[in-house]
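Asker: Given the structure of chain A, go ahead and fit chain E onto it with the hints provided.
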Amino acid sequence: MAASAAPSVRSADSGGRNHGLWIFLIWLPIALAADLLIYFVWGPHLPPGTMSNTAQSQQFDIKVMAVMAAPVMAGVLVYFGYALVVWRQRDGDDSDGPAIHGHAGIQAAWITVTSVIVLSLAVFGTYELAWKGMDGAGAGQGPSPIWKPAGGTPLQVQVIGQQWRFTYRYPQFGGFETTDLVLPVGQAVQFNVTSLDVIHDFWAYQLGVKADANPGVNNVAYTTPTHTGVVTVRCDELCGLWHGAMFNYGKVVTMAQFQAWANKTETQLASITAILPPYSTVYDPTVVPQMSKAMQKGGLTGGNGYYYPPNDPVQP
Amino acid sequence: MSLPARVITLLVAFLAVVAGAAFLVIHYFLYTPPTVDYSAGVTPNSGGTINVVMQEDPQNTVSSHPDWVSYFIKDPKTGRWVHTTLFKVPAGTRVNMTILGYDGCTPIRNPYFDKVTGTIGGTAQFNGKTVTQINAWSGCNVGHTFSIPGINLNVPMGTPSLTATLCGPSPCTSGPHATMTFSFNTPKTAGTYFWQCRVPCGGGFIDGFGGPMQTLGFMTGNMQVVS
Numbered sequence: 001m002a003a004s005a006a007p008s009v010r011s012a013d014s015g016g017r018n019h020g021l022w023i024f025l026i027w028l029p030i031a032l033a034a035d036l037l038i039y040f041v042w043g044p045h046l047p048p049g050t051m052s053n054t055a056q057s058q059q060f061d062i063k064v065m066a067v068m069a070a071p072v073m074a075g076v077l078v079y080f081g082y083a084l085v086v087w088r089q090r091d092g093d094d095s096d097g098p099a100i101h102g103h104a105g106i107q108a109a110w111i112t113v114t115s116v117i118v119l120s121l122a123v124f125g126t127y128e129l130a131w132k133g134m135d136g137a138g139a140g141q142g143p144s145p146i147w148k149p150a151g152g153t154p155l156q157v158q159v160i161g162q163q164w165r166f167t168y169r170y171p172q173f174g175g176f177e178t179t180d181l182v183l184p185v186g187q188a189v190q191f192n193v194t195s196l197d198v199i200h201d202f203w204a205y206q207l208g209v210k211a212d213a214n215p216g217v218n219n220v221a222y223t224t225p226t227h228t229g230v231v232t233v234r235c236d237e238l239c240g241l242w243h244g245a246m247f248n249y250g251k252v253v254t255m256a257q258f259q260a261w262a263n264k265t266e267t268q269l270a271s272i273t274a275i276l277p278p279y280s281t282v283y284d285p286t287v288v289p290q291m292s293k294a295m296q297k298g299g300l301t302g303g304n305g306y307y308y309p310p311n312d313p314v315q316p
Numbered sequence: 001m002s003l004p005a006r007v008i009t010l011l012v013a014f015l016a017v018v019a020g021a022a023f024l025v026i027h028y029f030l031y032t033p034p035t036v037d038y039s040a041g042v043t044p045n046s047g048g049t050i051n052v053v054m055q056e057d058p059q060n061t062v063s064s065h066p067d068w069v070s071y072f073i074k075d076p077k078t079g080r081w082v083h084t085t086l087f088k089v090p091a092g093t094r095v096n097m098t099i100l101g102y103d104g105c106t107p108i109r110n111p112y113f114d115k116v117t118g119t120i121g122g123t124a125q126f127n128g129k130t131v132t133q134i135n136a137w138s139g140c141n142v143g144h145t146f147s148i149p150g151i152n153l154n155v156p157m158g159t160p161s162l163t164a165t166l167c168g169p170s171p172c173t174s175g176p177h178a179t180m181t182f183s184f185n186t187p188k189t190a191g192t193y194f195w196q197c198r199v200p201c202g203g204g205f206i207d208g209f210g211g212p213m214q215t216l217g218f219m220t221g222n223m224q225v226v227s
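Taken in order, these protein sequences are the chains called A and E. For what it's worth, my numbering labels the leading residue of the first sequence as 1, then goes sequentially. For what it's worth, my numbering labels the leading residue of the second sequence as 1, then goes sequentially.
If we strip away everything but chain E, and leave its shape as in the complex, we get:
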């Protein structure tokens, strides 16, 4: 091979490696899911109220991990479901949360987190019925939790009946589901609060706590409080 050919080959190979590395960095390390903004039009610390709507599904819309359980958040502007777990809320505001549980049940590892904490009144509504805890070990009726440790918020998510056929393509718009509603107040100062699910629902991973449980956009995310 001539010298110019060798130089060109080397250059092309080098550029290919650089391009591959750049793709990996951009695609996997710098990617963050979109943030759904619930703060628009609400003055922080003014006693306002917002309504946040989410759903948890047995699958998602991402081609690389289509079978990972996942949350979706409804965009208040468009009314469309967004595959993300990042949302923005105003400080010092009451959040009325509605979470539609389309996923099936998995026993929670530590039943302590069957207890509802951090909500206004210390209660949640499971299909309209007020509950302070849901016993996940006595019946197959909890699929996930919505927990924000930074504000001591923890709400177990109810599930549709055991015999129900779970919703197919996500985001789910119909089919059997449980409806959990609860309210909480956002902190009065700005900050980012991570939230997570406490049910080991990462099937296929050690003790069910890998994959979607550790990945933004699936079963954990951030609540960004703005003031």
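For reference, chain A alone in the conformation it holds in the complex:
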């Protein structure tokens, strides 16, 4: 009686089939097809597009990462599907599955392959960031950028974040400030990103430029627009009540159009430019350097050019 109650154990070998080879043969064409489709069909449409050298490099990076990731994902899914079909429990089969034992070869292969993939991508990413011509890949590099565009002086555009709007200063055109972002095609641009209040984030999506806007910090990012068109600018750092509405549209135009726009805007805004603070890479949000005597007389400045007395503002 007791002997007949012992459960039977199913063999791991289903008919002597080489499962590893089968899984590999199923996986290989799927992985190849996925990679070809990703690189040549989907790739050209991947974000952020090709509107600048930095956007192009980011799109290439995403393509490479997707091509590397797709075979891994395909392998997992193929194994999962194979297991469901081949190793499923048949009707009337009440036997236990085979015992699971470690397999040093498979474990070593898995660790080796995934380590090689991850480390290769790390090296690739670093190379892309530092590669001559990528200029830091459109990311904010802080006040002292390591990677700069080669040759010539880039167009300086200061991006000033403030709740809840970006404004732009053009120091090479008299330092005028405007809410319009206009850039020339084919010209290297240096964005000097800062904030007048809380932390914002300047994200010029189609240009592949993204840099935090911190008060009191100049965060430098480079790009060179390669096509004319419209650029969506969004704040990408939660910055208060109307963060979601903090966006605008910039334009990349021809050099001639840019020159005409810049000269015209410089003239139109001359009166307001005259009362702006002198161009600086950062502005202290707590101080009005040109505070008038009238304000100090009114007791509004703490007597030293500050908006509020030293103990105010305070944390609510």
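Simulated from the structure, these hints should not be mistaken for lab results. If you're wondering where the values come from, they're calculated on a predicted model, not measured in any experiment. Possibly wrong hints are sitting among the right ones.
To be verified - Listed below are the simulated DMTMM-like cross-link pairs for lysine to aspartate or glutamate, each with C-alpha atoms no more than 25 Å apart in a straight line:
(1) K63(A) with D94(A)
(2) K115(E) with D35(A)
(3) K188(E) with D180(A)
(4) K264(A) with D180(A)
What the hints assert, rightly or not - To be clear about the criterion: a stretch of chain A counts as covered by chain E if any three or more of its residues have a C-beta under 8 Å from a C-beta of chain E, and this derived list gives those stretches:
(5) 50-57
(6) 118-125
(7) 230-243
(8) 276-285
All residues carry an ideal CB built from backbone N, CA and C; glycine is no exception.
Answerer: Chain E in isolation, oriented as in the chain A frame:
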């Protein structure tokens, strides 16, 4: 304690927590200020004109934050001042805006917003005088701005003289104040456009940009355009 007593105590405590949570949600999260309707009787996109009247005060009528600076909007039906920053206007309509500035001056953080933009003619009237900008750093003469970024509207709000004694209880009906008037056209399609003040007038908060600056009903609100 007996079992029934413990059950009742637990139940009462649970209900108290639920009631407290419900109060917080209703009172703080679901509360929105009233909307003053300027769209009644005006056909959208028909070339009509409406007159919107507002005032900004150094204090308000809310007991929880009585010292927060605040806007008020005059209800066109009753003529009474409403403590709100939400108003409704018809699409494609000229808005003649009058804002009474009862609050004192605070320097604007970015003088770029001293410039009048988005109004008809690119001008505003400061106590009857036409201006295209008001230099807030050269004199203590700007207290707030009225800015609707979605239509590129920005008008600095003038203030009464520096030595004036500011109005006490709100809404203010008398006392020294500046009068700003300007006109703009509402968009031709329906939508909600937020507006804000760009002067860091939230005293007591970091860099003056918390509290009333981030709270509907005080220094920011919505212009609802209906068609």
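Asker: It remains to establish, for every hint, whether it holds in the given structure.
Answerer: We went through each hint and held it up to the structure:
no. : hint                 : result
1   : K63(A) with D94(A)   : violated, 47 Å
2   : K115(E) with D35(A)  : violated, 55 Å
3   : K188(E) with D180(A) : holds, 23 Å
4   : K264(A) with D180(A) : holds, 13 Å
5   : 50-57                : violated (count 0)
6   : 118-125              : violated (count 0)
7   : 230-243              : holds (count 3)
8   : 276-285              : holds (count 3)
Consistency note: the structure conflicts with the earlier hints numbered 1, 2, 5 and 6.
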